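Visitor: Working from the sequences, and respecting the hints, build out all of it.
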Amino acid sequence: MRLGRLPAAAVLLVVATAAAGCAAGPRTVTITIHYSAFDPPRLSVPSGVPVTFVLVNEDPIDHEWLIGDDAFHELHRTGTHATHGASPTEVTVPALETVRTTITFELPGTLAYICHLPGHEAYGMVGVLSVEG
Amino acid sequence: MRRPWLSLAVATAALLITAAPAMACGGLIGPNGAVNLLRTTTFAGYHDGVEHYVTSFEFAGGGGAFGSITPLPGIPTSVERGGDWTLQRLIRETDPIPDLAFFAAESAGGDALREAEVLLETTIDALDITILRGGGDEVGLWAQNHGFRLPPDAPEVLDFYADRSPIFMAAAFDADAAAERGQAVGDGTPVHLTIPTDNPWVPLRILGLGKGALETVEADVYLLTDTKPALLPKAGDFAESDGLILDHSAAASESLLADLRSDVGMEWIPETAWLTKVVVDTAAGDLDYDLAIDASGQGRPSAVDAGYAPFSTNPAPRPPVALYLLLAAVTVVALPWLVARVGASGPAARPPAAA
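Here the protein sequences line up with chains W and L, keeping their order.
For the first sequence, the numbering used here begins at 10 and goes up steadily by one.
For the second sequence, the numbering used here begins at -8 and goes up steadily by one.
Honestly, I wouldn't trust all of these hints.
Stated by the list, open to error - Covered, in the sense of this in silico footprint (three residues per stretch, anywhere, with C-beta under 8 angstroms from a C-beta of chain L), are these stretches of chain W: (1) 68 to 77; (2) 116 to 123.
Unchecked claim - If the Cβ cut is set under 10 angstroms, some of the chain W residues that face chain L in the computed set are: (3) His43; (4) Ser45; (5) Ala46; (6) Phe81; (7) Leu84; (8) Ala104; (9) Leu105; (10) Tyr132; (11) Gly142.
Derived by calculation from the structure, the hints in this document are not laboratory data.
These numbers come from a predicted model, not from an experiment.
Note that the Cβ used here is the ideal one computed from N, Cα and C, for glycine as well.
Guide: Following this line, the structure appears as structure tokens:
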């Protein structure tokens, strides 16, 4: 099912609220891709618990969702991988499809999620994830 | 009677990594998604409710496949090889020393899922042309499944067009096949589309597809209409230009019309016509509109065609609330009075029966 921006934002609000007030446990975050932009472009998750990212691609073109630090992204800016999927932090999201990936962030910090397909980062497909301690 | 309308000659140099085909008013997509369209020339003629759209795809050397997607105002009744000199002759008419190369380019390949509907397929030289009908998602998916590497702005741009006209032309240009056919660098393949429509327009925003917001879009658009057309946006002159320059606007010369009429497929050219040349010279980020044309002489180009207003948002007829309130007030006040009056007058109020 495809989610619009408002539902996605609502889901994130709920998740963020739950993350702030509840004990550690599984988390689910929905990120919608529409017109080659991540929605939301910023979000927070707790460290030390599995977080499932539901990546909803509403565009008729493929996208990537790669999350990591600066060194990680610098590597992928010049990478030649046709697709991703072997690592939960490197995901290809086919056109008009939804992909789930689950990641546990052990340490607090700030990471970025970026689409590294040609021209997509420059177009603005960049998001920031804060991992709260 | 004939009405020449739109002829879009695209003299473009499309610079791609390995091969460089250029195209008309379409988005140009290289194998890596990169696009660098230097200049585009297009000719569009409108006559008797039929748009004649002529553009050229030029082989610019190199190898590989390239693709373009062009929004259309309607379903073409024919897609055929265009004449050899229509675009060149138009440039010669308005530019004393024509030195532009006609380019057009594209690529593709693939298959489909819930893709756009294929209405027509044909091959012209090294060009595989497909006419599609569908929404932005369907057309984008078809393109992706057929080897087009769409740039990140494609989803929004395709929706921009599909909301108004869900008809697109996808052209795949195989540079390797062109080389095997013996096409030399600079050889153009003109394509002539015949499109019945009462709503002609020239897609301009698509020219910025894949370009950075600050990159310049340059294009020459030639229009041939029965009478002087009204345009939206209104093209200014060089001094007041805001991205569109009205470079030429005059009755078409007899020699031009005769030359155009003698080209292949151009017998529809009328005896008299108005020639307009609009030069597009603006940053891709500012090119968020198309060129609406009113060739009827009424001077009312469509805001929808220009992309300023979404299609089908014509406001539904609103109920005349004020009138309803007035009628209700009259009823409330007058009805008791009428009832009382009728009751008071009784049968005496009736006209006397005829004797």
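Visitor: Work down the list of hints and note, for each, if the structure agrees.
Guide: Hints versus structure:
no.	hint	verdict
1	68 to 77	holds (count 4)
2	116 to 123	violated (count 0)
3	His43	holds, 8 angstroms
4	Ser45	holds, 4 angstroms
5	Ala46	holds, 9 angstroms
6	Phe81	violated, 21 angstroms
7	Leu84	violated, 19 angstroms
8	Ala104	holds, 6 angstroms
9	Leu105	holds, 6 angstroms
10	Tyr132	holds, 4 angstroms
11	Gly142	violated, 34 angstroms
Of the hints listed earlier, those the structure fails to meet are numbers 2, 6, 7 and 11, in rising order.
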